[in-house]
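Q: Kindly generate the complete structure, drawing on both the sequences and the hints.
Those protein sequences? They're chains D and A, same order as listed. If you want this note's numbering, it's the position in the first sequence, counting the first as 1, plus 7. If you want this note's numbering, it's the position in the second sequence, counting the first as 1, plus 7.
FYI, nobody ran anything at the bench for these hints, they're computed from the structure. All clues given are correct.
Here chain D is said to cover these stretches of chain A; the calculated rule only asks that three of the stretch's residues, wherever they fall, bring their Cβ under 8 Å from a Cβ of chain D:
id	stretch
1	55-61
2	91-101
3	134-142
For the chain D half of the interface with chain A, some residues (derived, Cβ under 10 Å), not all of them:
id	residue
4	Ile84
5	Leu95
6	Gly107
7	Leu111
8	Ala112
Glycine included, C-beta positions come from ideal geometry on N, C-alpha and C.
Protein chains: 2
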Amino acid sequence: MPDAPRPRSGAALVVLAGGVGGAKLAHGLQAHLDDRLTVVVNTGDDLERHGLLVCPDHDTVMYTLAGIDNREWGWGIAGETFAASEMLARYGEPTWFRLGDRDLATHIVRTRRWRDGERMTPIALDLQSALGVRARILPMTDAPVRTQVLTDEGWLGFQTYFVGRHQEPEVLEVRFEGIGSATATPEVLAAFETADAIVVAPSNPFVSVAPILAVPGIRAAIDAARGRGVPVAAISGIVGGRAIKGPADRMIASLAGEAPTAVAVARRYVGWVDLFVLDAVDAELEAAVRDLGFATLVTDTMMVDDATRARLAGAVLDAVGPTTGTTSMV
Amino acid sequence: MPDAPRPRSGAALVVLAGGVGGAKLAHGLQAHLDDRLTVVVNTGDDLERHGLLVCPDHDTVMYTLAGIDNREWGWGIAGETFAASEMLARYGEPTWFRLGDRDLATHIVRTRRWRDGERMTPIALDLQSALGVRARILPMTDAPVRTQVLTDEGWLGFQTYFVGRHQEPEVLEVRFEGIGSATATPEVLAAFETADAIVVAPSNPFVSVAPILAVPGIRAAIDAARGRGVPVAAISGIVGGRAIKGPADRMIASLAGEAPTAVAVARRYVGWVDLFVLDAVDAELEAAVRDLGFATLVTDTMMVDDATRARLAGAVLDAVGPTTGTTSMV
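A: Take a look at the structure:
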């Protein structure tokens, strides 16, 4: 069971995150900020499997912040087993989206409460609390939003493309089904209102960050925070011309017609991000990023273990510190 | 995958069954009858757990007929694991009704199709088919029926009493919630119409057999079969004054005010059963059972392994044979 809520002290930070990259950065930030961290997580890659509601980005962040993520695989829960999945296959269920036995419990509890009419946000917070997560992970919206990608095979659900088709088809267009009916939740709006800094994780700009920005109310909330002097930093998920994980590099080529560089990522964030963080291997791109109007931080952004996660998080906190009083944050 | 349907040959048999006792007898009968066996199974002890629809009697019979039942425990699936259940407990879910990882897959598939509006019967038949079951196991009705027992703690759902309270409270009354809106399915009615014999498994008369009989249309279908000369046999689940498994002996005392004997079981079946099967240890009760108007068969009814299951089944088939042409059945 989690400890009782502690009095808030020091500065609060909101991070916008997708799956693995967002989870690692959030984990590093949580090491510094504990319960002063709020993660607003993409829900565009949520999907239903076997009648159960699965929220891959939320759960990746949750398992990571709970310290039970499977680092060997890069997804799922440490020590996971697949007995139920094997039986589902025996019943003829398509199991290309592989769900472990422990992971299934998350989806079962979530689905029961969701079908009973509860909002996604309190359900998510209770799951996190049960696993002892100190930060808060907020779904970007309670409404169902489903990211779809146009390929030469037609429109595919995001996970069909990402897991089922191994990200092989070229992505020609992205849309967020349901986004028009979505609204920012009171919890997300309150997090932005009380934020002392906002950080965009090194997640995919097109399918992790863009859906969060597209939720009606969120961009306005970020703009309002910036109007109060709250800095917004973003970390490039493209390092040395390649995505650290996933298809972001190929999407930059096919969707933006650009070479996949940190500059191309920065271009997606013009107008709402102040500070752009590049990896040291991309130091020669710093000037081009500055030309786009960003302040810059060049540092080692590879998060390969707890220490490097915390180090990058600390460097970002230091960089947004002059405005927000980092000393009390870290 | 199951084989293609084979032409029916020889006589067909319908068995009325609850859980473990019914499953064992059905398994013995399947050894003789293969796909000429239909099991009409109690659904009164179905329940929802974690938002999933669980059908304990159906699944016990299904796993047993599929040969994957866990004989060491007397319930569930051989080699079963409980990783999901442990995670459900971590989320604060009550897990007194323990669901294994493989078993969960059954409930997940069933629940998905059921929420999509499908009838329980085709869902059940597909599950059985996927596991290679040769006989057909038909839910007694597609409608939700929930057996409840009145105790000094008030009315309890059947599984709350049976599993949650370890059958400890005295049962003062039994009711089948929803039975008034239930109807016999076309599949169940067709099975009785084409049956050459009907057998009542050594299941609990009050909470396994009675709910089946209470489904509007089933008693009439049995009466119609008897009118055509179809024999109905029943096997006592009380042997030597004690229930082989479960609380039937205590229910006979508390509900019928009788000593728990095979005679008391037989009394429950007066008027719709022709042949009553007693265990050899109860041979001295044969005359009393005959006095109630039954033909009798005295034989070893304990089913401790495949051989004794098949032996009892064969003895029952022989006993109903003169009317139904057993020779072609076995």
